[in-house]
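As given, the protein sequences belong to chains A and B, one line each in that order.
Using our numbering, you'd call the opening residue of the first sequence number 3 and step up by one each time.
Using our numbering, you'd call the opening residue of the second sequence number 3 and step up by one each time.
Any given hint could be a false lead.
As the list makes no split between identical chains, a pair holds if one copy fits it or if it spans any two.
[Said to hold, decoys possible] In silico DSS-like cross-links for lysine-lysine, where the CA-CA straight-line distance does not exceed 30 Å:
id, residue 1, residue 2
1, K343, K141
2, K182, K232
3, K177, K356
4, K305, K182
5, K263, K189
6, K289, K140
7, K141, K300
8, K356, K289
9, K342, K141
10, K342, K175
11, K305, K356
12, K300, K342
Because the hints were derived from the structure by calculation, they are not lab data.
Please read these numbers as outputs of a predicted model, since none were measured by experiment.
2 protein chains.
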Amino acid sequence: MPHANHYVIIMAGGIGSRFWPMSRSNFPKQFHDILGRGQSLIQETYNRFATFIPESNIYVVTNESYGQLVQQQLPNLSQDQILLEPVGRNTAPCIAYACYKIKKINPDAVMVVAPADHLIAFEDIFRQNIITGLEACKKENIIMTLGIRPTRPDTGYGYIQYLDPQSHKPFYKVKTFTEKPNLEVAKSFLASGDFVWNSGIFLFSVNTIGSSFNEFLPDMAELFDQLTDKYYSTEEQQSVNAAYITCRNVSIDYGIMEKAKNVFVIPSDFGWSDLGTWGSVYENSEKDEHGNAAHVYKLLSYKSGNNVVAATNNQKVVVIRGLEDFIVVDTENALLICPKKDEQAIREIVADLKNDFGEAYV
Amino acid sequence: MPHANHYVIIMAGGIGSRFWPMSRSNFPKQFHDILGRGQSLIQETYNRFATFIPESNIYVVTNESYGQLVQQQLPNLSQDQILLEPVGRNTAPCIAYACYKIKKINPDAVMVVAPADHLIAFEDIFRQNIITGLEACKKENIIMTLGIRPTRPDTGYGYIQYLDPQSHKPFYKVKTFTEKPNLEVAKSFLASGDFVWNSGIFLFSVNTIGSSFNEFLPDMAELFDQLTDKYYSTEEQQSVNAAYITCRNVSIDYGIMEKAKNVFVIPSDFGWSDLGTWGSVYENSEKDEHGNAAHVYKLLSYKSGNNVVAATNNQKVVVIRGLEDFIVVDTENALLICPKKDEQAIREIVADLKNDFGEAYV
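Could you put together the complete structure from these sequences and hints?
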């Protein structure tokens, strides 16, 4: 039974430039069905929550230019549930806006904040973790995070270290948040047994997070608190746009999580991936007998292996020969062929394209 | 001044499967502007001849399914100048059909037979060679061929050996036609100085070639001679279709050239390429500073060199990284990525696609 005080904030403002050329500034990755599962990433995220959170309590924060896309892909959302940022200012303002808005109509709200583009394999475990977290945040003045038990010394994620790992508890007090480590450090994290990956999924009551904003980001707290009169009114957008102009760019991790003393973590194993790069698409795809992950109508592979191949045209045949460990992504007006190991270069490629052509190809 | 007895037969029946995916069975390579020069290959060939051969004397032989394409691309041709084969039977029937047809209206015709898809860099030299050949064929009962002085021991061409190479003559008596040699043999050909590449361009009078058909391919001579009443009539197509059913598959090289004693060759250097493969497109293209040949709107190349990259969409941006010596060809519904050294595998790929999808992608 969905609980009327339970809310979700889906953060969907990213551009996903590491997913170029499929992800474009006017159609970013969260709106694509990158893995060919029948729904876009944001639709999967929405539907995952809609099984146990009232649909009227699901909010999406995105860039104003994606408002129509959100409306098209999630037609059950009312305009009030789609929060439009005139400009991206990282996660802290995004969360502040949503929390102060929701607080206006429900000061007893407890909420989960989650990115739009995560893969979750085991939804039952995920749901149970979320409910555990929401119930805890209802009872206590704490901030909860979901931590993913690491399966490899990944250098692409932040890590969370927690206290008292030998005990058996549903959640643990957080000792430290860490930045992305180098490989050696990541290996030591893995060996120590008290580190989990930071999933970027947080839970708290509006009261608790409001107190944290007051304590650690008082300027931001004031900025969005003073708009309380405007929320759910015809003046909301204009007021929010004005607020964003003066708002600093701060992540919730840096602004609050790393400083607050009341942060807890649920270490979990719900088959999580943040689907951040084409390499992660490769990891999360079925492979053919040569280890190729094909998201095209038909891939013909000769003397080729371990590639990830995708196309937006669902009639496209791709033939590769003598290609190993590559990313091949084809769209109507752009084609990328790049080694998987160089996937970090895609951002640089996008920057070069922007220099050459403006917005036409990015 | 164009000479009323001078004719051209452009052979344009090929499918060009080594140019897949750009060349398709319903739009083969001779109708593409593969090098981006502003005209298709058949248009270039036509226009090259039209500077010195009367346009009413230029005939095209092609498959019936390409009749409309020829008409569209060469609108000056009348229906009588477009000869449609119901099925390909190699070059001998194609030439017999054209010769017996032209003989009906001009028994004094002398003609050049040329493929539709050759590149000629130096048109003045080419034109001079053709005129020399036509004049010689008018005076004597000989078959003339154009031979290309080899610049490398190419194993992709047939060779022609000629007599008396130390003399200085406009043309030489042919000693032998050879098949494509292996590399060692090709090297010895190059060293010997009396071998030239077989360009597949032939010249003769209708009388001379008629005698040769009578002598070496009498069944074919009879087949097309007996249709003389039908040429230039409404019954032509139906009669030709019936003739092709019983007609053997024979090349003019094997059927006549290798056997006739009256074959001569003009060794020449008019910058010839048969543009048979993507490798030859590479050779005939301008390269960027990394040796990439780009036939796309824009190629962004990182740590890549010596590739040939083409796309049918003239707005397409292609980004390659870590790619050396590859063929990359993109069309609306098919993409090929294949090492240049494996270009001969493209025929096998096309056969596999035909097995999988029928005609949809070939």
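Evaluated hints:
{"no.": "1", "hint": "K343 x K141", "result": "neither (46 Å within a copy, 69 Å between copies)"}
{"no.": "2", "hint": "K182 x K232", "result": "neither (39 Å within a copy, 82 Å between copies)"}
{"no.": "3", "hint": "K177 x K356", "result": "neither (41 Å within a copy, 62 Å between copies)"}
{"no.": "4", "hint": "K305 x K182", "result": "between (36 Å within a copy, 27 Å between copies)"}
{"no.": "5", "hint": "K263 x K189", "result": "within (27 Å within a copy, 81 Å between copies)"}
{"no.": "6", "hint": "K289 x K140", "result": "neither (43 Å within a copy, 66 Å between copies)"}
{"no.": "7", "hint": "K141 x K300", "result": "neither (53 Å within a copy, 59 Å between copies)"}
{"no.": "8", "hint": "K356 x K289", "result": "between (33 Å within a copy, 24 Å between copies)"}
{"no.": "9", "hint": "K342 x K141", "result": "neither (46 Å within a copy, 67 Å between copies)"}
{"no.": "10", "hint": "K342 x K175", "result": "neither (37 Å within a copy, 59 Å between copies)"}
{"no.": "11", "hint": "K305 x K356", "result": "between (35 Å within a copy, 20 Å between copies)"}
{"no.": "12", "hint": "K300 x K342", "result": "both (20 Å within a copy, 22 Å between copies)"}
In the structure shown, a violation is registered for the earlier hints numbered 1, 2, 3, 6, 7, 9, 10, in ascending order.
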